[in-house]
Amino acid sequence: MVTVQRSEDAAPRRIGEPGQPGALSLRGVSKLYGDVVAVRDVDLEVRPGEFVTLLGPSGSGKTTTLRIIAGFIRPDAGTVVLDGQDLTKVPPHRRGIGMVFQNYALFPHMTVAGNIAFPLEMRRVPKAQRARLVEDALRLVRLEGFGDRYPRQLSGGQQQRVALARALVFHPSVLLMDEPLGALDKKLREALQLEVMRVAHQLGLTVIYVTHDQEEALVMSDRIAVYSHGRIAQIGTGEELYERPASLFVADFIGESNIFRGILRPSAGVVETAVGPLRAAAEAWAREGLREGGAGAVVVRPERMWMRAPDAEPRPSDAAALRGRIREVIYLGSTRKYVVELAPEITAVVRTQGPRLADAPTGPEVLVGWDLADGVLVPDTGEETAAEEAEEAAAPVPR
Amino acid sequence: MSADAGPRRIGLRSFAWLVGLVLIAPTLLIVPMSFTSGGILLFPPPGFGTRWYVNFFQSQLWTSGAVTSVKVGVAAAVLATVLGTLMALGIVRGRYPGRPVVMAIVLSPLIVPVVVIAIGMYFVYTDWRLAGTMPGLILAHTSLAIPFVVVNVSVSLRTFDRTLELAAQNLGAGPIRTFFRITLPLISPSIVAGALFAFIASWDEVVVSIFLSSPLVRTLPVVMWGQVRSSIDPTIAAVATMLTATTVVILSLVMLAQRRSRATR
Amino acid sequence: MSQVARQGRRAGSIRSPLDAWALLAMPGFLFLVVFFLVPLVRMGLRSLTDPSPANYRIFLESPIYLRVLWTTIRTSLIVTVVCLLIGYPYAYVMHHAGPKTRAALTVLVLVPFWSSLLVRTYAWTVLLQDSGVINSVLRDLGLIDEPLQLMRNTLGVTIGMSHILLPFMVLPIWATMRRIDPDLVPAAESLGAPPRAAFRKVFLPLSLPGVFAGCLLVFVLALGFYITPALLGSPQNAMFSELIVNMVSERLRFGVGSALAMTLLAVTLVLLAIGSRFVRLGDALGGMESR
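Listed in order, the protein sequences are those of chains P, W and B. The opening residue of the first sequence carries number 1 in this note's numbering; numbering runs sequentially from there. The opening residue of the second sequence carries number 1001 in this note's numbering; numbering runs sequentially from there. The opening residue of the third sequence carries number 2001 in this note's numbering; numbering runs sequentially from there.
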């Protein structure tokens, strides 16, 4: 994961300070298109200055949510409240919320300065003041001197920054961004991620950011809301989502996971699975939906898995020690990935770091397992995993 | 985007529907009137019957016009389709100087005022002894119909995924076989559509035909033109109905061909 | 085939100005040259030699000819304006409608577009004449005693021509609207523009190329109209094409007729050439291709 230098901020970041504007809340927001549910009963509380990312496969409702906040789509139920004011019936042009669109939506017939001045013109800001504000906005995104160009004369990254300047020039307290970096290549995307964060932190903006790129979400966000089928499947910090996924979907969607489905036996402290009973720590059972005899799964991240020689001694901290056969070894530079077959059609992925190569197995027969503390229990509600949902979303879905 | 139906939108929508109605109303109104039982066109018709259709089929003037129109239309459509398809291939695929000139000449029949073409053709075709003959009409209509074929076929050639041809060659088909097994079948719906448009272009053509017709060789629109100006015979309404019906049938075929072409993509 | 040609060129061996594909275009090209272009060229020559270039002084001969010219331009302008006023909102609704409504509105534009001009003009005579449908209905409703003069005047010609030319306005405008990024108007609204301002400042300017293309096309096509003014107009407001036909088939002044035809052709081509510097006429054709 990338660590982010936040030292260049001029002022310390402000989140949720008294009197800071930009507190946004969605309550019970739903939207249907015919029979298709785009967004279902979404609740979201965002503190002023917070950076929240809506993450999910395409067609999961995140863009619809964003467009409901912006006012382009009227929800069938629920309210959107900004700083105590109900926005639900306010038309988009009176909401005063900044938005950056997926393909920037720069007006092609206006110059960069014209684009940035547009919201000021709409607010009847006097001409002289406009020019100064446009200059300020261009400086904010480091595009001084580009005011006279037309959007088509700019690179993708520059257009992106113009779109950002335009959305910020009228000092909104909330900024919406709809996959704003999706069209850019990886290097530029990473640079602009930092740029967007710098600007957002500098201005104390509340940001609602839509993406389907989980790494981007982890880098940028204070909190991430994972979407699935129009609902928020889980919301929390990146670490919470990765370490304690609340559902199979989230476990599968964020990062890579080994998922062992089975029947829950809290009384015995195990999950009965096709590869045998798997132990789980007492803390892991302390969550909702884990009934005796109910369906559940143990989720283990590949880098938390260990691998030993088949005759190694068991340790008390082992949650399981499963006999398997190495089917594939994938070299990934800093790590190595082993695909281990535990039973026909059941494989586990183990990721080891270089130094641990010392324990690397010599033969195809191995013992794999994990420590009690590294297994997460989730209820299995029969929902699809993220991979299955992504496949389904590949079929055209009306937005 | 915003699905809100404000009063302004409803007003605009009703306006558009009204315009759409006015667009087809005159043509549609002719249909019931052509079935009048009266001796002149009156609205509303005093009664209904098919006497003017019977009259049409009993009249040598009208039926010979219809026969001529069909012959000329089919011949011109076939000629225009062959020449136009080849031209589209040459224009879209070829890389040579002067392509814009070729394109300009192809499109010029759509742009040059039809009276100007008619007079020009009248003079020259008379010198060549083509005026007043079936071949003369066919040649004239073919040149007017070629642009429709070229435009249709070149659109489909431009959107054609050429990696399919590369794939075919990679799989062992030579250029000629690639063309006949891959390219031609995939653009054939647009060729069919082009041919049908070419037929309509000939079928509905009036002005050039007026100048190139003779009392012996006259297309249906020319006969109609003569009648419209001199009589109030309701047979004209019957003819108008049949001309429109033909066009509608052919347009439906075009849409069918295009739907199929979309389906294969 | 093209592969061969392309490789050949890359190797620098075949650098013929004509590649294999060009040969395919030849038969059609020659056909059009002989049966379409030669007649136009011969007519041009005739206008200068039968008996002399003095044919072009026809406009000085009598003020009638200048009046015809003026009538033609005026009628074409009126028709263009009418088509624009009707066509823009129509295209706007088409653009914003759901798929079903859009399909219906498209068919409503295209069916007349492809159905016979003569039939439609005839249909208008049935509607507009003194004993026609409109006058009959109005009389039966007791709204009028005397029939309204709806045709044999500029009104009739304008109605008929606007009806026929409307698709040429709607299709280019719609084609241009479709190319406007659908996020631009929401973007303008999110920046504080009320719907009306978003339309005026963003959508309208971006749709103007289509408006220009449509106006140019309608105006130029209107200049050369023959059938419709001949049936719905009167000798008092005859248009240019009628004058040409009259000169050739009634007065048998072939040289003068050729000169008039060449004038109309020249005006048409010049207008299109000027216009194509400002708008892509492909916009116009683009609309028609994408039925």
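Please keep in mind that the hints were generated in silico from the structure rather than gathered at the bench. All C-beta atoms, glycine included, are put in the ideal place defined by N, C-alpha and C. Some hints could be false.
To give an idea of the chain B side of the interface with chain W (calculated C-beta under 8 Å), a few residues [as the list claims (entries may be wrong)]:
hint: 1; residue: S2062
hint: 2; residue: Y2088
hint: 3; residue: P2205
hint: 4; residue: L2206
hint: 5; residue: F2254
A few chain P residues that face chain B, going by a derived Cβ cut-off under 10 Å, partial list only [said to hold, decoys possible]:
hint: 6; residue: R95
hint: 7; residue: A167
hint: 8; residue: A268
hint: 9; residue: V270
Computed footprint of chain B on chain P; a stretch qualifies when at least three of its residues, placed anywhere within it, have a C-beta under 8 Å from a C-beta of chain B [what the hints assert, rightly or not]:
hint: 10; segment: 97 to 103
hint: 11; segment: 289 to 302
Which earlier hints turn out false for this structure, listed by number in ascending order?
The structure breaks hints 1, 2, 3, 4, 8, 9, 11; every other hint is satisfied.
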